[in-house]
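*Asks:* If you want the building blocks of each chain, they are given just below.
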Amino acid sequence: MIDFLKTFINTIAAPEWFVSLAIVVFFVALFWEKLWTPKPALYVLGAAVAFFTVSLLDPNFRSIVTKADNVPIVAMLFLVGFFIWLSMSQAYENDRRIGRGEKPMEASEPVSKVLVWPDLVYTEFICLILFTVLLIVWSIFLKAPLEQPANPGDSPNPSKAPWYFLGLQEMLVYYDPWLAGVVFPSLIVVGLMAIPFIDKNKKGSGYYTFRERKVEITIFLFGFVILWILLIATGTFLRGPNWNFFGPYEFWDVGKLPPLVNINLSEYFWVKWLNTGLPKGWLLREAPGFIVVLLYLLTLPPLLARTLLRKYYEKLGPERYAVMVILLLSMGALPVKMYLRWLFNLKYIIAIPEYFFNI
Amino acid sequence: MTEKDPREPAAGGSPAGPEKSTAGTSPAPGQAAKPAASASRRGFLSWLVLAWIAFTAAMTAGLTALTRFLFPNVLFEPPSTFKAGPPSEYGIGIVDERWKERFGVWIVRDEEGLYALSTTCTHLGCTPNWLSADEKFKCPCHGSGFYKTGINFEGPAPRPLERYRILLAEDGQVLVDKSRKFQWEKGQWEDPESLLKA
Ligand code: FES
Chain A
1230 MIDFLKTFIN
1240 TIAAPEWFVS
1250 LAIVVFFVAL
1260 FWEKLWTPKP
1270 ALYVLGAAVA
1280 FFTVSLLDPN
1290 FRSIVTKADN
1300 VPIVAMLFLV
1310 GFFIWLSMSQ
1320 AYENDRRIGR
1330 GEKPMEASEP
1340 VSKVLVWPDL
1350 VYTEFICLIL
1360 FTVLLIVWSI
1370 FLKAPLEQPA
1380 NPGDSPNPSK
1390 APWYFLGLQE
1400 MLVYYDPWLA
1410 GVVFPSLIVV
1420 GLMAIPFIDK
1430 NKKGSGYYTF
1440 RERKVEITIF
1450 LFGFVILWIL
1460 LIATGTFLRG
1470 PNWNFFGPYE
1480 FWDVGKLPPL
1490 VNINLSEYFW
1500 VKWLNTGLPK
1510 GWLLREAPGF
1520 IVVLLYLLTL
1530 PPLLARTLLR
1540 KYYEKLGPER
1550 YAVMVILLLS
1560 MGALPVKMYL
1570 RWLFNLKYII
1580 AIPEYFFNI
Chain B
837 MTEKDPREPA
847 AGGSPAGPEK
857 STAGTSPAPG
867 QAAKPAASAS
877 RRGFLSWLVL
887 AWIAFTAAMT
897 AGLTALTRFL
907 FPNVLFEPPS
917 TFKAGPPSEY
927 GIGIVDERWK
937 ERFGVWIVRD
947 EEGLYALSTT
957 CTHLGCTPNW
967 LSADEKFKCP
977 CHGSGFYKTG
987 INFEGPAPRP
997 LERYRILLAE
1007 DGQVLVDKSR
1017 KFQWEKGQWE
1027 DPESLLKA
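Residue numbers (my numbering), protein chains in the order written: chain A, 1230 to 1588; chain B, 837 to 1034.
If we strip away everything but chain A, and leave its shape as in the complex, we get (with noise of 0.2 Å):
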């Protein structure tokens, strides 16, 4: 029975699984909001701790995850669980409250204040000692790894970003590094701060809601908690040697090779489709790569304007609508090219090693 579990597990763990499964369950958990409540949160974070109690029996499960390095992101799994389900369940009781006709909770807090000194700096002193406390004692029983002297010679095998690093490393396995290294993190931080500029909803200032945000949360929570969150879990417990994918009941074995061959779009139009060779100029080779990409990027926003986002168009207009598209079509681009991969292997779209240029 256990062992039958632990394969399915290991399964369904495979990325295109997985991931689907990450995504049915955030868009279910997002709009059920029975679930924004105590009791139901209670028992998802009950049966979270029963499965990872449960787990720690496994021997390969318990070395991955009490590995000094990966104790915090087990930690923080379970902090922005929580962290989440408060601001969620404050939000769904705003909306009950709207709903009724009445005023958020927020305005119901007393406008008191509070003086910095005594009652500010007093907690801020607490804190500071309680967490000194907590890292030296972390320390003393987490010993950080010591390990051998850097050598280019010999990279460690799998080769690990910082925890908070992960989720861009997991991005370069499907980009070529201008992208994934420079464009993307530099398009989040622009996007990010963009946001105000986007943003034309003046409701939720000052209370939270959901419902009259539900877009916007939406996006911020995909981006978030799929796109950041889940890729750093995914890089910490789910990859092993040589960067390949293993189920967390699973032996790290560094024999485990499963072939991967990777083929470019070009050489599924032109040899595997068209059964003639590779054109001999990069332009004609790539492009069937170009139109995917211009396709993507120019008939989706104007088909988008007309349907999903009608209301948006509207509403921001199309200089603004412009630029939360293509910033939202960017953010797209990462999970599609990651299902591309993991269902028909696809290298890159455009391939253009020639010049460096690769999406």
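Rather than coming from a laboratory, the hints here were simulated on the basis of the structure. This one's a predicted model, so the numbers in the text were calculated from it and none came from an experiment. Keep in mind that a hint or two might mislead.
[Stated by the list, open to error] 25 Å max Cα-Cα, derived DSS-like pairs, lysine-lysine:
(1) B/K1022 - A/K1509
(2) B/K972 - A/K1389
(3) A/K1389 - B/K936
(4) B/K984 - A/K1485
Following the hints, position chain B with the ligand against chain A.
*Replies:* Below, chain B with the ligand without anything else, positioned relative to chain A:
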């Protein structure tokens, strides 16, 4: 240090009036104040100039030392060419890892001859591992894989591993010259110097 200097004479007046040079303490405020002040103005200025010169000199010296510090005394960089023994040491189909650690080169022999592969992944520069059981180079950073020839076939690496110039030295040893590299995507593997037929 240098900033303290200009103030000292202004207070003590020692440089302008040699007769008072013994007085390190402050002059009597009532009598000597006026003549000392006017007499020490020139002195103050010259000390100021001196101080600035000293300050500039010290800063220049410090910056020079700092800049010098940025260049290491010894550079443990292996020479860009090295001799890799006689060609007969290399068996067909074998990836020789002896030169990986020190020079970052794999020497491989196929039916045609010997070639020297760079051990730098063309994705972001990690060092892949040779997995002899599966006959491929596999990068531990993002999972790029390369065939024995250096051609990339899995993972994100956009182009094949680079090859180095390889030739026969006068004494019959294999000589690898890392200052010249040959990239497949530029058609440079056709170059006779990228393959040693020996
Ligand atoms: S550095 Fe080798 S795969 Fe990224």
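*Asks:* A separate judgement is required for each hint: does it hold in the structure or not?
*Replies:* So, going through the hints one by one against the coordinates:
no.: 1; hint: B/K1022 - A/K1509; verdict: 12 Å, holds
no.: 2; hint: B/K972 - A/K1389; verdict: 21 Å, holds
no.: 3; hint: A/K1389 - B/K936; verdict: 22 Å, holds
no.: 4; hint: B/K984 - A/K1485; verdict: 19 Å, holds
When each numbered hint is compared with the structure, no violation occurs for any of them.
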